[in-house]
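There are 2 protein chains.
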Amino acid sequence: MRAIATHPAARGLNDDAAVLDVGGETLVLTHDTMVEGVHFLPEQDPADVAWKLVATNMSDLAPKGAQPLAVLLSYQLGRDDAAFLDGLQAALRHYGDAALLGGDTVRAPGPQSVGLTAIGRATHRPVPSRGGSAAGDALWITGPVGAAMLGFEALQAGTGDSSAYRRPSALLTEGQLLAPLVSAIMDVSDGVLLDASRMADASGVTIAIDRMAVPIATPEDRRDEALRWGDDYQLLFTLPAGVLPPCPAFRIGTVLQRQGAPILLDGAPVSGRLGYEHG
Amino acid sequence: MRAIATHPAARGLNDDAAVLDVGGETLVLTHDTMVEGVHFLPEQDPADVAWKLVATNMSDLAPKGAQPLAVLLSYQLGRDDAAFLDGLQAALRHYGDAALLGGDTVRAPGPQSVGLTAIGRATHRPVPSRGGSAAGDALWITGPVGAAMLGFEALQAGTGDSSAYRRPSALLTEGQLLAPLVSAIMDVSDGVLLDASRMADASGVTIAIDRMAVPIATPEDRRDEALRWGDDYQLLFTLPAGVLPPCPAFRIGTVLQRQGAPILLDGAPVSGRLGYEHG
Chain A
1 MRAIATHPAA RGLNDDAAVL DVGGETLVLT HDTMVEGVHF LPEQDPADVA WKLVATNMSD
61 LAPKGAQPLA VLLSYQLGRD DAAFLDGLQA ALRHYGDAAL LGGDTVRAPG PQSVGLTAIG
121 RATHRPVPSR GGSAAGDALW ITGPVGAAML GFEALQAGTG DSSAYRRPSA LLTEGQLLAP
181 LVSAIMDVSD GVLLDASRMA DASGVTIAID RMAVPIATPE DRRDEALRWG DDYQLLFTLP
241 AGVLPPCPAF RIGTVLQRQG APILLDGAPV SGRLGYEHG
Chain B
1 MRAIATHPAA RGLNDDAAVL DVGGETLVLT HDTMVEGVHF LPEQDPADVA WKLVATNMSD
61 LAPKGAQPLA VLLSYQLGRD DAAFLDGLQA ALRHYGDAAL LGGDTVRAPG PQSVGLTAIG
121 RATHRPVPSR GGSAAGDALW ITGPVGAAML GFEALQAGTG DSSAYRRPSA LLTEGQLLAP
181 LVSAIMDVSD GVLLDASRMA DASGVTIAID RMAVPIATPE DRRDEALRWG DDYQLLFTLP
241 AGVLPPCPAF RIGTVLQRQG APILLDGAPV SGRLGYEHG
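Chains as they are written, first to last, in UniProt numbering: chain A, 1 to 279; chain B, 1 to 279.
Honestly, the hints are just simulated from the structure, not real lab data. Where is the CB? At the ideal position from N, CA and C, for every residue including glycine. Fair warning: there could be bad hints in the mix.
[Unchecked claim] Cβ-to-Cβ under 10 Å is the rule here; a few derived chain A residues that face chain B:
1) 17
2) 31
3) 34
4) 73
5) 74
6) 76
7) 105
8) 106
9) 108
10) 110
11) 117
12) 119
13) 121
14) 211
15) 268
16) 272
Bound-form chain A, shown alone (with noise of 0.2 Å):
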């Protein structure tokens, strides 16, 4: 989205989900498109494709607080359509039978392109963002990260445990328990480090982030790139001083008055690249 997110109609694109007032209830609705040999592999088994488009949708919900009650499925059909139903099937049983209410498929040319639209609830109000973290506040995260990259290099090796890329989880209940006490909240999608600095511009903050307490799932000697890997799906989230997380947490940081840098890692500007850039 760098590319054309000066048009003022690409304002909100790749951002948080939006949220919609209908009625007496509040929606919150999301989008995402994956398309094969940018965010899947050509082999993949097309139920591991289908399972990612939904967890990335409903991780889209997750820092929402946000109840899944939809989906509209774009579907380009492609190498085993049964398999990639059969999947979608079985991730939206997962998350709470969200029912596929409609959506287009196409035959096309090219690289297949796969699109969910997802819909869901909010459970509490004001629905948490991204922008209100505030000087004081302690950084959270739910998990570690680097778990999706270590999947990824199993599934391109062809061997060892790949799940965590392949069948990613969202993180719904935790969003829905953490919605009513965090400042701001995100889901981790595109590395710790970028997400956190996405966090800080839209609150006009600098985060402060202790580098060794981040959770890692990978070895010690990898954790410059667990920390900047996305896939990983973490909620990461701020709360006031003394508020402890109703879920299983890592502190791994401090929110400070803004400075120049978005974020500081043990106390310094970070330089070089952040994490995983959008097209």
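Since the structure of chain A is provided, determine the placement of chain B on it from the hints.
Okay, now just chain B, sitting in the frame of chain A:
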């Protein structure tokens, strides 16, 4: 969708827009995807592509009597993203200022794929469907078919008026006027014969169409083609005998008890292709 229509998860894809009750309101939801080289020409103005993407989605809301609320965009970066977004903004403004709430952008090789999810609010309940026609009803259409065919030919030839193909109209106002009265209604996106046969199948009836009564935008010698071309987005609907439409419309047939064929044209079943079949 024919290829995967037998999968239980696939019911409802490529069908009527979906209906979801939320917070005292009834939402109408739809998603359409358009692919370069399949649904639009590679050399088309991106602003026209955006306009058509909005119009096709709005045309799914129209037969539900829905008022547009919001859209989510799935956008593969292309040749001129600013032109696309300009066209999108103009079309959204045209259709009642539906808000672009969010979405996703991807950078990918291969033909450009763009998708839109549209969300509207039902103005009348129960929300009409294509499945309510009963023997004795009359079949109506809001206006001529074949204009998009001529527009497509003009666009390919590089001369003449191609606007009906490039910038179709979605009949939202007509849909809202019709919703309280119709027994069945749908938009004509794939050809009046094919869409009438779908209405007949969904309603469990046979629909007898008077070939010469169907208004066409083409010369008379192209009537049979005009009845099979899509993209005109007229509304096709049935009314109980004696009920007159509250908007301009043409009576083109009569609903009969189910016989062998879903539709009869001047009293005889139609052989061969009825219209545009999706992948």
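Quiz item: Is the interface hint for residue 31(A) satisfied, with its Cβ closer than 10 Å to some Cβ of chain B?
Solution: holds (4 Å)
Quiz item: Would the hint on residue 121(A) stand, with a C-beta cut-off of 10 Å toward chain B?
Solution: With a closest approach of 7 Å, the residue 121(A) hint holds.
Quiz item: Should the hint that residue 211(A) touches chain B count as held when the rule is a Cβ pair under 10 Å?
Solution: violated (31 Å)
Practice problem: Verify the interface restraint on residue 74(A): the C-beta must sit less than 10 Å from at least one C-beta of chain B. | Solution: holds (5 Å)
Quiz item: Was the hint right that residue 108(A) lines chain B, CB cutoff 10 Å?
Solution: Because about 4 Å separates residue 108(A) from the closest Cβ in chain B, which is inside the 10 Å limit, the hint holds.
Self-check item: Restraint outcome when residue 272(A) is required to lie within 10 Å of chain B by C-beta distance
Solution: violated (21 Å)
Quiz item: Against chain B, with CB atoms and a cut of 10 Å, does the hint on residue 73(A) hold up?
Solution: holds (7 Å)
Practice problem: Would you check whether residue 34(A) satisfies its interface hint, that is, whether its CB is within less than 10 Å of any CB in chain B? | Solution: holds (8 Å)
Practice problem: Identify whether the interface hint at residue 268(A) stands, where standing means a beta carbon of chain B within less than 10 Å of its own. | Solution: Hint violated; residue 268(A) Cβ to chain B Cβ min 32 Å, cut 10 Å.
Quiz item: Measuring from the C-beta of residue 110(A) to each C-beta in chain B, is the shortest one below 10 Å?
Solution: Residue 110(A) check passes; min Cβ-Cβ to chain B is 3 Å, inside 10 Å.
Quiz prompt | Cut-off 10 Å, beta-carbon criterion: hint that residue 76(A) touches chain B | solution = holds (7 Å)
Quiz item: At a threshold of 10 Å, is the proposed contact between residue 105(A) and chain B supported by beta-carbon distances?
Solution: Residue 105(A) check passes; min Cβ-Cβ to chain B is 5 Å, inside 10 Å.
The structure fails to meet hints 14, 15, 16 from the earlier list, while all remaining hints are met.
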